[in-house]
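*Asks:* Spelled out from the first residue to the last, the chains are:
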Amino acid sequence: MNEARFVELLGVYGADLVRWPEDDRGSAAAFLEVAPHRIKDIWESERTFDHLLALEKDGPASISLETQIISTAPARRPLMGASSARGLWAIPKWATGGALAASLALGFAVGYANEPLRDVENDYASMLTISGGGAGSMYLTAMNDGGR
Amino acid sequence: MHNLESGLLQTILPFVTVPLRGVGVQAMRDPDEDLVRRVGAGDKRAAAEIVRRHLPRMVGLARRMLGDASEAEDVAQEVFLRVWKHAAAWKPGAAKFETWMHRVAMNLCLDRLRRVGRNGGDVPPDTVDSRASATRALDDRQRRERVRDALQKLPERQRAALVLCYYQDRTNIEAAEILGVSVDALESLLSRARRTLKTALAAERADLLSGLETG
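Line order of the protein sequences matches chains G and F. Residue numbers for the first sequence follow my numbering, so the first one is 1 and each next one is one higher. Residue numbers for the second sequence follow my numbering, so the first one is 1 and each next one is one higher.
Don't take each hint at face value.
Straight line, CA to CA, 25 Å or less: simulated DSS-like cross-link-like pairs of lysine-lysine [claimed, not checked]:
id	chain 1	residue 1	chain 2	residue 2
1	F	Lys153	G	Lys57
2	F	Lys198	G	Lys40
3	G	Lys57	F	Lys198
Taking beta-carbon pairs under 7 Å as the criterion, some of the chain F residues facing chain G (in silico) [to be verified]:
id	residue
4	Ala48
5	Trp84
6	Asp140
Some chain G residues well away from chain F (every beta-carbon gap over 12 Å; in silico) [as the list claims (entries may be wrong)]:
id	residue
7	Met1
8	Arg19
9	Gly26
10	Ala29
11	Ala35
12	Gly59
13	Ala102
14	Leu104
Rather than coming from a laboratory, the hints here were simulated on the basis of the structure. Being a predicted model, the structure only gives us computed values, none of them experimental. Here a beta-carbon is modelled for each residue, glycine too, at the ideal position from N, C-alpha and C.
Using the sequences and the hints, build the whole thing.
*Replies:* What follows is the structure in C-alpha cells.
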C-alpha cells in the first residue's frame, strides 16, 4: 500500500476499512498507523463525510407491510412424495397399465357375451360404447376387422 | 445492459447453473440456505423469518433508488413474491440468496425508473447550494433530508453503486455482480458518486465538521 493507492481507495470506499476490498484492508490499516498527518487529515475528512451519509440510515420496516408480505407466502403442500410435482391429476404409470388391462378384459367379456345375438356391425358399435372408446376398444376393432 | 431482458436474465441465473466469479462468495455457506429450502417446501414460519431478516434492506434499497416510500414498499412486495415463486428451485452455491434478492430489487427499481423516465439527472450538481451560509445550525433531521435529496439527484448508476456498497453493505464483488459490471467499473461509479455528493453536501459537511470541533 502506498500513498496514492490509499488515497484512491479512500475516495472510492470511504474511511471505514470494513468496506474496502478484503485484500487491501490489512495493508491499509498498517499504512494508516504510520501515515503522515496530511494523509490522516484526508482520512478524517472522509470519515466526517461517512458520518453525514450515515444519517440516511434505514429504520425498521412497517409491521403492516411485514404482515402483508408474510400472508402472501405459499402454505405447505400436501405430502405426496415425488408424484406431487406432477400435480393432482397426474396418473401414475402403474395405473395406466391397470386401466389398459381392465379395458381389454371388459371388451372381451362383452364381446363373448353378445356374440350369438348380434352381427359384426352391431358388435363393433356396442363395444365402442361399453368400453368408452379406450385402448381396449381399439384392440377389439382390429379383431373385428380381421374377422371380415 | 440493464434493459428489462438482461434484468430478467440476471434474475433467473442463480436458478440455472452459472457459478459466480469471486472466490469468497462461493466458499462460504449461504446463511439463508436452510430458510430458503424450507420456504420452498411451503414452511410459513421460514417465510416469516426470511421476511423479517431481509425486508428492511429491501425497502431501504428501493426507497433510496426510487425516492418514494410507497413505491419502495411495492418493490419489496414484488421481491418477496419472486422469492416465494423461486425458492423451491433455489440451488445453493450458485449465488448467495441475499445477493440474488438485491439483484432482483435493483432490477425492479431500474425498470421502474426507466418506465417513467426518471434518471436522477445526468448532470451532477457541481455547484454549492446558495443556501449554504444560511444553514449553519442544521439539525440531524434536516441534514438527513439534504442527504436524501442529494442521493436522488445522483445519476442512477452512481446511486445504485453507492446504495449497494454503503447502505446495503454489499462487498465490491457482490455489488459489481448485482449491477453486471466489473469491479473497476464499480469503483469508478463509487468514486464519482462520492465526489458528486461531497460537492452537493459541502455546506452540511462543513456544518458537521464545525459541530464536531465545537462539540
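*Asks:* Which numbered conditions among the earlier hints are violated in the structure presented, ordered from lowest to highest?
*Replies:* 8 and 12
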